[in-house]
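Participant: The primary structure of each chain is shown beneath.
There are 2 protein chains.
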Amino acid sequence: MRNFTFYSPTEFVFGRKTEEQVGILLKKYGASKVLIHFGGGSIIKSGLLPRIETLLKAENIKYILFGGAQPNPRSGLVYQGIKLCKRENIDFILAVGGGSAIDSAKAIAAGAKYDGDFWDFFDGTAIIKAAIKIGVILTLPASGSEGSHRSVITKEEGMLKRGAGNEFIRPVFSIINPELTFTLPAYQTAAGIVDMMSHIFERYLTKTPNVDLTDRLCEATLVSIIEAGRKVMDDPYDYEARATLCWSGTIAHNGILGVGRVEDWATHQLEHELSARYDVTHGAGLAVMFPAYMKYALDTDINRFQRLAINVWGVESGSQTPTEIALNGISAMKTFFKKIGMPTSFSEIGALEKDIDFLVSKLFQGKSNNFGAFKSLTPEGARMVYRIACE
Amino acid sequence: MRNFTFYSPTEFVFGRKTEEQVGILLKKYGASKVLIHFGGGSIIKSGLLPRIETLLKAENIKYILFGGAQPNPRSGLVYQGIKLCKRENIDFILAVGGGSAIDSAKAIAAGAKYDGDFWDFFDGTAIIKAAIKIGVILTLPASGSEGSHRSVITKEEGMLKRGAGNEFIRPVFSIINPELTFTLPAYQTAAGIVDMMSHIFERYLTKTPNVDLTDRLCEATLVSIIEAGRKVMDDPYDYEARATLCWSGTIAHNGILGVGRVEDWATHQLEHELSARYDVTHGAGLAVMFPAYMKYALDTDINRFQRLAINVWGVESGSQTPTEIALNGISAMKTFFKKIGMPTSFSEIGALEKDIDFLVSKLFQGKSNNFGAFKSLTPEGARMVYRIACE
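Chains A and B, in that order, are what the protein sequence lines are. 5 is the number of the first residue of the first sequence in the numbering used here; add one for each residue after it. 5 is the number of the first residue of the second sequence in the numbering used here; add one for each residue after it.
What the hints contain is simulated information worked out from the structure, not anything from laboratory work. Just to be clear, a hint being listed does not mean it is correct.
Copies of the same chain are indistinguishable here, so a pair counts whether it falls within one copy or spans any two.
Said to hold, decoys possible - Below, a list of computed lysine-lysine pairs in the DSS-like style, where the Cα atoms sit at most 25 Å apart:
(1) Lys32 <-> Lys117
(2) Lys299 <-> Lys61
(3) Lys299 <-> Lys133
(4) Lys211 <-> Lys358
(5) Lys21 <-> Lys211
(6) Lys235 <-> Lys211
(7) Lys133 <-> Lys32
(8) Lys21 <-> Lys31
(9) Lys159 <-> Lys358
(10) Lys371 <-> Lys117
Just chain A, with the same shape it has in the complex (with noise of 0.2 Å):
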């Protein structure tokens, strides 16, 4: 076990009706003018902003509207919300939504308490000092930006998806109603399903030892969210499996799966190249992406693989190699993914064979040639795991 800091100050606030704090929470936290930043029109539809509003006017908190996040928030979008939140002297952000808006969220946070271009603090070249506070209501559990310090926006210009964070940008709240997600359509349900086992797999992938309880954490959180995941897919309306998976997304990207470690983080970079080039949901992108991965990187220690297939996929020992045990854990992954209604290759999801050495590009523009703190990286060895995704 390396050393390691857990800090994860976020006040959780988790049940049914629970967005029925909100007034009270943004008073609790200082707000007096509060940016709602939210996606489409699916919240208007269901009329949770009707009722935001109505618990913000009873409170006395004067706001103002800010709609347009969308999957892999843009650059673009950013810029507006830092222009207008200089304006009307926002002290505080109210993101309302998923990944996207709490993403976005976050940048424009920094970005209006930042005299230069906020993409420096995605690029490398700026560090964040300072935010506007945010508070989350969640209405997808997939990124875990919820319970996180990091953001991942994509810039319009080079179409380049990069993350930046740290402490300034961690919401101080969550509300998190597992009820506001009974309507989700079944392949967001799903891609978020794929994005938070995801970010469990990223830290579940180490070559530290000695980490057998986190290991463990992780096996206990994967197994519910595929128990869960099963459930709401046959019935998008039970509460109990939506808890459930609202919690796993919450946890599975707050820290405490990952302490004392190190995490991986490759099959996101290798991800994130799809959803910036061909618009993938970014969940979507990973159920693609990480049985390649894990397929690619199977010899780096095959009896990680062997213990995750047994452990999480059910995989029975009997006579089989640890090899034939790993690659079976894989491949009940990737029935999982299919049976969810997730794609597991690149034609799938409208990605081309011919497109790699593009996709390769990109993902080494500005970045050395290695990275993957799990199996290292080279421009060879993406090139082989997009391949190993096109079968």
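Fit chain B to the supplied structure of chain A, relying on the hints for placement.
Facilitator: Chain B alone, transformed into the frame defined by chain A:
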């Protein structure tokens, strides 16, 4: 799953040599005059205290030393500490030690910002509304107090052991270096193991349905504690096993294993009377009380005890009945407690069967005639549990 708030804002700084960051952390949290509160001479003998003093001097932080914390911390010391804080204008309390030092630090921190008698917080006649900030350097993983917002104090007059707490007394940081636990006596190590396991049992024993995710997280942590506990008893200098115990002890009690469910805590109250009456180490008292309580509560939910036996204690299901499996789990727990040197019956801690009526009368003093959320405990029920503990 029930509605819940999960809020664990403590900054946990974990790993080798992390105590070297104490000066910087105190600065970060605005300390200018610190009360260093600790127990006996072990942290002086080990050289830890002089090292801490050097680190504070390096950051120009003023401090005064206040030792004397003892197991089952007493109100007398708390009164002294409060007087000292008020006289010396202390603005930060650094607890160095285990649950005793941390719990008395918490009571002092609250009492120093209160005009009345601090015991008001513990007998429920007042609520903590302010406290001096608290930081921790942990030397004994057991109580989980380094990540909790609770304190337990024994009032000498009448030997009443009672708990109190709220967010004001939660440590702002906790430094956890497993190396500092290498030299703990075996008995204290073992009592710590039982203590942290018991914090999970109190959460695991619930009647709230559909909490499988948290059940699995509880089981994962219990299995890790048992495995690491065995290793540490064989080799006290096993860093990885010590680290597993340290982090398990923290997450066992920072709330993450209890979200969404009604917790029990009846066994803790049963034990508090033992440690108040016989001054037995809390963990040792729990090793006596938990097997007895579980036998008493067996019929409340046989499936839960069966699951615990199989998933945590590795009991084979085979052709046994659920009751046999559950009882085998309790036996396995007793065997483990004995193996690590813990008592499992009244006689081993010098407790007397003839005192049971006295213990029960103390237990229900100032309480209604009925408590415990898993199996409701009446005076007759409590007598029965104590009687089972005599076996």
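Participant: Which earlier hints can't be squared with this structure?
Facilitator: 2, 3, 4 and 10
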